[in-house]
Structure formats: structure tokens, C-alpha cells
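Construct the entire structure; sequences and hints are all you get.
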Amino acid sequence: MPEYQTFEHDVLIIGAGGAGLRAAIEASAAGVKVGVITKSLLGKAHTVMAEGGIAAAMGNVDDRDNWRVHFADTMRGGQYLNNPRMAELHAKEAPDRVRELEAWGAVFDRTADGRILQRNFGGHKYPRLAHVGDRTGLEMIRTLQDHGIHQGIDVHMECTVVTLLKSGGRMAGAFCYERERGRYKLFRAKAIVLATGGIGRAFKITSNSWEYTGDGHSLAYHAGATLMDMEFVQFHPTGMIWPPSVRGLLVTEGVRGEGGILVNNQGKRFMFDDIPANYKSQTADNPEEGWRYTQGDKSARRPPELLTRDHVARCIMREVREGRGSPHGGVFLDIAWIKEKLPNAAEIIKKKLPSMYHQFKQLGDIDITKEPMEIGPTTHYMMGGVRVDGDTQMSDVPGLFAAGECAAGLHGANRLGGNSLSDLVVFGQRAGEYAAKFAKKHSPADIDMSQVDATARQALEPFERTGESPYQVQHDLQDMMQDKVGIVRLENEMEQALDGILKLRERAKHVAVPGNREYNPGWHTALDLPNLLTVSEAITRAALLRKESRGAHFRDDYPAKDETYGTFNLIVREGKDGEMTVTREPLPPLSDELKKVIEEMK
Amino acid sequence: MAQATFKIWRGDRTGGHFTDYTTEITDGMVVLDAIHHIQAQQANDLAVRWNCKAGKCGSCSAEINGMPKLMCMTRLNTLPLDQPITVQPMKTFPLLKDLVTDVSWNFEVKKKIKKFKPRKPDASDGTWRMQQSDVDRVQEFRKCIECFLCQDVCHVLRDHHMHAEFIGPRFLVYAAALEMHPLDTEDRLEDLRKTDGIGLCNITKCCTKVCPESITITDNAIIPLKERVVDRFFDPLGRLFRVFRPK
Ligand SMILES: Cc1cc2nc3c(=O)[nH]c(=O)nc-3n(C[C@H](O)[C@H](O)[C@H](O)COP(=O)(O)OP(=O)(O)OC[C@H]3O[C@@H](n4cnc5c(N)ncnc54)[C@H](O)[C@@H]3O)c2cc1C
Ligand code: SF4
Ligand code: SF4
Ligand code: FES
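Residue numbers (the working numbering), protein chains in the order written: chain Y, 1 to 602; chain D, 1001 to 1247.
Hint data in this document are derived by calculation from the structure and do not stem from the laboratory.
It is possible that some hints are incorrect.
[Claimed, not checked] From the structure, some residues in chain Y lie toward chain D, with a derived Cβ separation under 7 Å: (1) Arg-99; (2) Gly-114; (3) Ile-149; (4) His-150; (5) Ser-469; (6) Val-513; (7) Asn-520; (8) Gly-522.
[Stated by the list, open to error] Simulated restraints on C-beta separations: (9) Y:Glu-3 <-> D:Ser-1214: 47 to 55 Å; (10) Y:Asp-577 <-> D:Asn-1077: 50 to 58 Å; (11) D:Asp-1125 <-> Y:Lys-341: 31 to 39 Å; (12) D:Pro-1118 <-> Y:Asp-557: 55 to 63 Å.
Positions of the beta carbon are idealized from the N, C-alpha and C atoms, including for glycine.
In C-alpha cells:
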């Protein structure tokens, strides 16, 4: 039996984005021994890329804001499939979590009276996003990282978990390889927090990095946990589309928050054409009112560009399909037009959206203070994930917790912009707290070494055979998911995708990689493939069963919302023989108090 | 379709050599795209770090035609494509493999810098008041994406290998961000002088030139810190005044 380098922790956190770091800080403050594992270097997780801001009803800019409004906005945005308890806790606790970041050194943009400034964002009734220009995620991850390194947390960088280890029905540890030398590492832990982020690499056009292969979703699923809401993948309406090499890169919603408008190739501002009934009363009915809203006029309603992402993305698709798109198959996003309104517009744009200015200038040869941008939808965020208890963030497997993008519940059918960064710190904190409590109550579980050895052997197989490249299989999967399970979905196309996934699974079993185990991205890609395939299958199966259109899930064959589908979540579990099962489960109950809040805010 | 040749460093701790790869290029491509094409089609095991592909994470640092740069932000149309483009790892850090270096020293250095210590909250609800104009400077420093290109280019580290004596421009910027944070009450000047080696910087400004975030490292961070150190330790009159002047 081979020997593995072994580490022992009370709480092991998989992922060093906002959720993982916040959980680590909390758990270590509770006095338990904490380890963090991350696929990349510290500070490089996806959270670093977040731009627009973190949503918290602090009411610094508009004092009518409070947790009730934030809660109602989140539920409305999620089309009421959200876990109401999570939406409640999130709305109540986000302000404290943001203030705590300031106490740890974060420097947010300021209001005139010296408090944390908040900006408008889609689906939020009042200006609610605390931000730092358009690099809020960097501020957040750096603050957590710099605070965390003084807490005695062990960080294992460039280390990837390949399987979770269970014993007697609860968590016992995790098995990993480190990138540098390709050696295995064995972690024993009493509690594990998954904070692995999203699944964007399952699609071709995406704002997500190589890390987003749905590892946490897949690890949890195979460990017997339940996945939920997997049909809800958020396509962000504004990704770059030209030149081809930047296709998918995100253009923050902050552009629209600062007054940016969407126009088609006839110069028409098309978002006014289709305003959903449940948002009508909150939406401006003319451009002038919309402009006043972005400039802080409290009596104005928000412009239709700031409707929820699912809706905006579909309106853009409609313009393109009906021949009113831009030259490269998107539409135009124009912030330069504000020069008609403000004398020093160019300066304001550069100050408020510096990294967008930079990104377009350097990568697209476009000066956004002078010309419109060409944009189109891009795969952005996974609403679905590990089903957890709203208070503790524990999954159905004792000792296994999940927080951040890899957990489900807060966002329902569609996430509001800015509600992810707040999700990370609110539920990262909770996951850390309850994982530490769990660890204190339990002794370490035994590890089944035969499972470890089998995984270790299997992971090396790509070196031992000849076959196709893992990159090829990954590309083919991404193409297929983009085409058949993307923004607009159809029964027969998704059936084809299921077939395709089966075939790709076979191919994935036969990929081969050259070279040796040392820092070998080909090998890493080969090991990511089964995870990508698992989440792709879950997305497709759930999307097939939801025969309606709701939030981010749009069925061309069932274009309307169907109220009966508004009463349950779809649940994905591994069956007895390893087959994937999808079942309906009624929504968690909504308390009378919360029901009242929703009614009041309608 | 147009093609370009890339001379890429292949090797590990024990040594290596440049290998030529020719690949197709299209409109708007950056160096990282070319590396990815080569990796997918010709060299599956080519080691490279990247995450965001948008200049936000600071993972993809390398030396392109000898210049320290982010691969994801270097457009091919800014390079002379009639000759091979050389792409090699940062020289200041030990090589792990191909384009990937061991940057762990940086993470160790950061731990030694005293952490943020805020003054008591200004308001009864536990919050502070700061004017935007008072935080502009610190926000400039906090744009740092930890790409370590400034560390790579600084001769104190690159040529003189004084990693034990000098924290390098990145961490002088970090220290400046803490020292100039309006809420911070910690004192790092003694450390800056003694253990961080601020005196070793002779203001060549090479770091500022390569910073992809355009942080004016030397003028805005290092020189003011040097002045504070001089004020404190070498100017008795300044010392006297300091007693009467809050930080
Ligand atoms: C371009 C962009 C802009 C965005 N802007 C905003 C915004 O303005 N506001 C907002 O609220 N949200 C925004 N989002 C969404 C938000 O940034 C993400 O949802 C959030 O950062 C996810 O954080 P996380 O902590 O869950 O995971 P991440 O930050 O993605 O971290 C995941 C971690 O898990 C690790 N990991 C994954 N798999 C494994 C494994 N197998 N083994 C070991 N480690 C593993 C990774 O290495 C990484 O450290 C944006 C997203 C993108 C892509
Ligand atoms: S200015 Fe100082 S820190 Fe910057 S490169 Fe020159 S010597 Fe190094
Ligand atoms: S200061 Fe600039 S060059 Fe140095 S690490 Fe930060 S971003 Fe990179
Ligand atoms: S990949 Fe993030 S900076 Fe280049």
C-alpha cells in the first residue's frame, strides 16, 4: 500500500474564494484547527474577478432601504423558488458582514458624508451595492486573505481535491493531488466545507476560468449529498463578443447602473419594448426618468436596462434573432452617450468603471467614453448546487457543509447582481461557525484506505494509455452544452445532449496525456472531465423536467411560466446503481411574517 | 490564415531549453490565447498559470520578448510577428516547470508585515467616516493584483538575490497601503527600515514601468515611505515635531 503525505484538521475548507476564506476565518476564530485547499494560488479564486459590488441593505444612500426590501427583491428575482430562510438571513446579515470587511481593512468608495457608498444594480429597488470602482471582488478577497493569513490557518495552494472520503455515513476527509509535483495528499477532517464555486466551463462562452469545472457539485453528489435547482444557469446579458479571443469576458452590470443603455442596430433603445408585468410598477416608462434614477433621483423608477439578468439576456437574444443585432451577433451597450448629460462624462466613466475602460481599450481597441461596446450573453453563474440547511449550511451528509456559489437556495431561479458577494460572506461565516461546532462534537472518522488507493490508481490511468486529448473532449462538451442546453432550450435538443453526454463520458474514460505528473495541465484537465460531465448531466436532466420558463431557465417549447412548477424545486441525487435521479420536492415553507413582507413589497 | 511562431521555455528545476511552436493567429488574440492553442493542440503538458484572462487575477505573469508582462493582456498586434516571440518564466523566482515559477516567497513575506489595526469606530453603530479624497491614494495601492511583475524586474531581487533582506516593491506598496490607510494605527516604520530593507531601493522606477495596474509604485508609495523613515530615524527635529503631530 502506498504512503501518502497526510494532514489532520478539525475543519477542512475546499476553496479559497470569498466563501472559503470567510468560513476559514470563522472556524479558526472558534478555536479549531483549520485547513484550506485551493486549486490556484491564494487570492486568485474567482471572487477576485467580481466587479460591480456587494449587496447589503445598509441604507447609506437611500434610507428607505432595509432588510425587508432586500429580502423581497431577492425572492422576486428568484421567482420564489428561493429558500426563504436563506433569503431572510442573507438580507438581515449582509450589512454586518460588509461593515466587518471595513473593520478588516477594506476601503470601499465613500458617500459625501464619509460612509460606504452604494450603487444601483439590476433588480435591487434602491442603491444597495457597496463597491470599489469596478473591482469589488479584488477588494474583498484581498481583505479576507490578508486578515486570514494572521489567523493560523494552514493553506494548501495549488492542490485539487479528487474525492471526498466518508465513513459510517459522515465525512472523514478528502484526497487530493498537488499541482507542483503531482503528488497525492490525504486530508483527515471532522467537518468539510465545500466552497468550490461554479460550473461555467461546461459552456463554450463563459466569463468563468479554468477552475470552474463543478468540482464541488460533483464531489458532493458522489458523496451522497443532494443537488438542487441545477436547471438554473445564469447567462449574464453583457459579455464581450469581439474580438473572438475575448468572447465571454464580463462587462459589469455597473455600466448600466451608471447610466449605460442597450441599443440595437437601428439605434433603438429596445428594453422599453418588453417590461414584465411584475416589474412594471417599479420600472421607468421613459428614458428621462431612467436617467434620473441612475443619477440618484429618489422619485424616479429604474430604467429597463436594470431589469433582472434573465430578462435582459432574452431581450438581447430576441433582437439578434430578429435581425437587429450588431455586426458580431450581439447588441450595443452605450455609456458614452452620457456626455450629452454630463460635461465631464469621460472622466466620470474612467473613475467609476476603470477596469472596463482598460479592458475594452486594451483588448478590444474601443474607447468606451467615445463609442458603444458590442455585447452579448455569457455563461456566468450557477444558481443550482448543494442543498443545505438554511441556518447551518450543512448538506444532507453529516459533516459536509457548502457555501457560496456551489451551494443552492439563496437565489432560486435567478440571482440578482451583487447578491453573490454578500452570499459568500453571510453563508461563509455561517458554514465556518457550524462546521467548527460540528467538529468540536465529533471525533475523527476512520478512512477507508482501499477507496483512497483505488482513486489514486485510477487518477493515473491517463498516463498509461494512448488515446485522444482531454482538451478535445472538453471542447466538444462545451460546444454541445452551449448549443443544446444554453439560453434557449428545447426538449429534443436536450435529449440529444443527454445522448452526447453519455458518449463523451465514454471518451473521457479513454483520454490520454503526455508527460509526467509535474505541473501537467493536460492531466488536470483529464481529471476535471468527470466533474464537468456530472454537472452537465444534472443541468440537462433537470432542465428537461422543468417544462416551463422561469428565471434563467427558458424553454422555447414551454415559453410561459406555469404556476404548478412554482411549488417545487428539482432535486438531483445519485441512485443505488449510480444512475442519476431527478425528483420534485415541495418548496420549504414560507413563514407568515415573510409572506407578509413579500405582499407588502409587491 | 496568419501564423506566428513562439519560442517557449520548456523545462523544470533541473534545466530546460526553448522550443519553437507555430500556431494560427486570429484577430484580437493575446499571448495567452496562443499559449492555450499550443497547449491544446501540440503540448498538452505545457505548464502555465492563468485564471481570469482579463488582467484581474495576476496569475499569468511571464517575460514576453524579455519584457515582464501579463500574457492575457498582451495583444499579438503589439508584437513583431515576423520574428519568433519568446515567452519565458519570471526570472526572479525559482522555476517549477515551463512558464510556472515558485512564488511562495511572496506569500511568506506578506505574513511578516504587521496587520491592519484600525482606530476605534467613529460612530456608535461601529462604523467609520472617511472622505473619498482621503482614501484615493490607498485605493490606488489596493488595485494591486499580486502579479509580482514588479518583484520580477527589481534588480535588488533579480540580480542581487537579496530576498532575505528586501521585501520588494510589491510589499512596499502593501506597507504603504497600510501606513496611509486613514484608519490604521499600527507603526511599521521601524520594520521598514530594519527588516524590510526599504533603504535598498535606489529608485530606479523599473517596478513602476511594468506594473499592469499602473500603480505609481515609486513616487506614490516608496518615496513617501522613505521620507517617513528618514523623518523618524535620521531627523531629530522631525522627531520632536512628531510628538505633537498625530499620524
Ligand atoms: C467576471 C465576474 C464578475 C462578477 N461580478 C460580481 C459582482 O459584481 N457581484 C457579485 O455579487 N458577484 C459577482 N460575480 C459572481 C461571484 O464573483 C462569484 O459567484 C463568487 O466569487 C464565487 O465565490 P466562491 O467563494 O463561491 O468561489 P470562488 O471564488 O470561485 O472560489 C472557488 C475556490 O474553490 C477552489 N476549488 C474549486 N474546485 C476545487 C477542488 N476540486 N479542489 C480544491 N479547490 C477547489 C478554487 O481553487 C477556488 O479557490 C462575478 C463573477 C464573475 C465571473
Ligand atoms: S524603484 Fe526600487 S523597488 Fe522599484 S525596481 Fe527600482 S530598486 Fe526596485
Ligand atoms: S504593484 Fe503592480 S506590478 Fe507589483 S504585484 Fe502589484 S500589480 Fe503587479
Ligand atoms: S489570467 Fe488573470 S491576469 Fe492574466
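Looking back at the numbered hints, which does the structure fail to meet, lowest number first? Structure breaks no hint.
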